[in-house]
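Those protein sequence lines, which keep their order, are chains A and B.
Each residue of the first sequence is one higher than the one before, counting from 792 in my numbering.
Each residue of the second sequence is one higher than the one before, counting from 258 in my numbering.
None of these hints come from the bench; they were simulated from the model.
Don't take each hint at face value.
One side of the interface only, derived from the structure: several residues of chain A facing chain B at Cβ under 7 angstroms [stated by the list, open to error]:
| # | residue |
| --- | --- |
| 1 | 849 |
| 2 | 973 |
| 3 | 977 |
| 4 | 983 |
| 5 | 993 |
| 6 | 1009 |
| 7 | 1029 |
Just the calculated beta-carbon pair ranges, DEER-fashion [as the list claims (entries may be wrong)]:
| # | chain 1 | residue 1 | chain 2 | residue 2 | range |
| --- | --- | --- | --- | --- | --- |
| 8 | B | 385 | A | 848 | 43 to 53 angstroms |
| 9 | A | 1061 | B | 580 | 36 to 46 angstroms |
| 10 | B | 282 | A | 895 | 46 to 56 angstroms |
| 11 | B | 474 | A | 799 | 48 to 58 angstroms |
| 12 | A | 1090 | B | 413 | 52 to 62 angstroms |
| 13 | B | 392 | A | 1029 | 53 to 63 angstroms |
| 14 | B | 550 | A | 938 | 57 to 67 angstroms |
Quick reminder that beta carbons are idealized off the backbone N, C-alpha and C, glycines included.
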Amino acid sequence: MSEVLKVEGLKMYYRMGQTYVKAVDDISFEVQKGKCLGLAGESGSGKTSIATTIMRILPKNGQIISGNIYLDGQDVMKLSDEEFRKIRWVKVAMVPQASMNAFDPVFTIGDQIMEAILTHKSVTKDEAMSRVKELFQLVGIDPSRINNYPHEFSGGMKQRAAIAMALANNPDIIILDEPTTALDVIVQAQVLSLLRNLKQKLNISMILITHDLSIIADICDSVAVIYAGKIVEYGDIYKIYKNPRHPYTQGLLGAFPNIKAKKQKLIGIQGAPPNLANPPSGCRFHPRCPYAFDRCKVEEPKLKEVEPGHVVACHLYDKGD
Amino acid sequence: MIKVIKMSEPLIKAVNIKKYFPVRMSFTGSLKGEKQKWVKAVDDISIDIYPKEILGLAGESGSGKTTFGRTLIRLIEPTAGSMIYKGVDIFKLKGSELKNYRRKLQIIFQDPYDAINPRLTIRDVVAEGLLVNKLVSKDKVDEAVAGALEDVKLTPPEEFINRYPHELSGGQRQRVAIARALVLRPDFIVADEPVSMLDVSIRAEVLNVMLDLKEKYGITFLFITHDLALAKHMSDRIAVMYLGKVVELSDSEKLIDNPLHPYTQALIAAIPIPDPSAHKAEVKIKGEIPSPVNPPSGCRFHPRCPYAFDRCKVEEPKLKEVEPGHFVACHLYDKS
Chain A
792 MSEVLKVEGL
802 KMYYRMGQTY
812 VKAVDDISFE
822 VQKGKCLGLA
832 GESGSGKTSI
842 ATTIMRILPK
852 NGQIISGNIY
862 LDGQDVMKLS
872 DEEFRKIRWV
882 KVAMVPQASM
892 NAFDPVFTIG
902 DQIMEAILTH
912 KSVTKDEAMS
922 RVKELFQLVG
932 IDPSRINNYP
942 HEFSGGMKQR
952 AAIAMALANN
962 PDIIILDEPT
972 TALDVIVQAQ
982 VLSLLRNLKQ
992 KLNISMILIT
1002 HDLSIIADIC
1012 DSVAVIYAGK
1022 IVEYGDIYKI
1032 YKNPRHPYTQ
1042 GLLGAFPNIK
1052 AKKQKLIGIQ
1062 GAPPNLANPP
1072 SGCRFHPRCP
1082 YAFDRCKVEE
1092 PKLKEVEPGH
1102 VVACHLYDKG
1112 D
Chain B
258 MIKVIKMSEP
268 LIKAVNIKKY
278 FPVRMSFTGS
288 LKGEKQKWVK
298 AVDDISIDIY
308 PKEILGLAGE
318 SGSGKTTFGR
328 TLIRLIEPTA
338 GSMIYKGVDI
348 FKLKGSELKN
358 YRRKLQIIFQ
368 DPYDAINPRL
378 TIRDVVAEGL
388 LVNKLVSKDK
398 VDEAVAGALE
408 DVKLTPPEEF
418 INRYPHELSG
428 GQRQRVAIAR
438 ALVLRPDFIV
448 ADEPVSMLDV
458 SIRAEVLNVM
468 LDLKEKYGIT
478 FLFITHDLAL
488 AKHMSDRIAV
498 MYLGKVVELS
508 DSEKLIDNPL
518 HPYTQALIAA
528 IPIPDPSAHK
538 AEVKIKGEIP
548 SPVNPPSGCR
558 FHPRCPYAFD
568 RCKVEEPKLK
578 EVEPGHFVAC
588 HLYDKS
């Protein structure tokens, strides 16, 4: 297996006056060809910042402090902005959150997707247009709707069109940021089944960002649970859902009801996510953790393997060394 | 196992409630004598809500569930129908008579960032209703507010009472909103998607507070949600809405385990399960919910229904009891 994307020790901080908000703090993961990685976490955990760092579309105050990003083995941190612009949307594309509502209302959907193709490839308009038709078919929109304006599309169709746009230049990997959050459950299921089909048909790699662990269970192969800018648990999806080790992962899985299971009392997680400008010492989860002990307050836990293909950053599983 | 649902007389009887909103017409259209169009957001809903139950109201966006909740407690004026609460038709009341009932019928809104005045302290937010209704004397206000905050687990209350909403997290704000409703000792609370804006990890606390209050004070809830898993968790019974109509109503476990209406079946099949080895979310129906301005004829679901036959296109199915306590509006179960 080959890694399409490999991220190593990535740190990206937002400068806020005199302080730094540590939104991405020492994150490492990899995505294999044709596989889907889920990034799970609550709002403010830094999951979107990971995506914008990889895409290099950070706001002015976002600074990459350290770390490496390899796309198909190529170290993209060495590329200048201009060089990176050439591979953005060609090797790695993104469907940002709420991008379904980001289409320009005065241009047709077809024109807007065509623009994404013409920017990166030297093809004629006709060739680009036939590619758009192909893409429409691929995501399940009737190609005759190519000249429709955004307001003529339903929410689900706009989301499909946003996915089509990300696929326009055959990227190796697409990053989907909360792709179903604004959609109703039936439309959400339609989009999820589209993503499963695309994964199979195109053998494309994906990163799926969401707060909803059931969506990750639905399409991902591996999952990284993010808390306060750090990965707290990472690995194979079957292993983690079967045997979640980190108290935060356990809390997330216990915090919302499963429609197939018997009614049982939901167990929430005490408190609220921390402010990343001033994160708690030691393990960042310790103020909310039911099992926290002294060591958690002072020493930051490192990711350690608890079984093959399953790592956890928690002192409960680290018998000291 | 058939659970006996009719425990007692209903606390609330909603009878043929309708709420139509006019569609804005163009000036030239009105000169040409075009007919006024209506959005039939709630179209003839009758439902009994029993004391101390949580009735879940589920449906996709645009199905009319929020409009129904707000019409029921007369936050918006109904187009037709009646709402009988303890033998009184709330829709017929006016002025001070209506005001006396308002405090008994409360609501918790979806967005706790919008629903609380940012310029008031938590004390003032919670106390406002008490003072308007003259329920306690001024010197007892703090005590009542503290009691309500304790009930929603904002403890110790002294730590919260002088704070402003921006100092609280989303989950804490939503609990302030619950305290504000609770302090008036209501019989009935409409909870309109109370946790959909909250982070996953803090939802459970808000939900548990509501369940505790139901036990402690015997409050009846209408729990509006788009999430059937949540509806099942919270509710004793669930009503499923589609385009302004109730299409199925039943004991909540029965509705999830044995859904009868094709729409309910599709909704349940579409829910992803937090278990990678479970079956994948499937889509049993096509398309998206149509516009309520010009809803399909006959059964409103027929254009998307995999089982639709001729009768569905012309005749609107009525909500019928097909087994004790299980109501469904579908011609498949109507042998007449």
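(message) Of all the hints numbered above, which does this structure not satisfy? Sort the numbers upward.
(response) Per hint list: 1, 2, 5, 10, 12, 14 violated.
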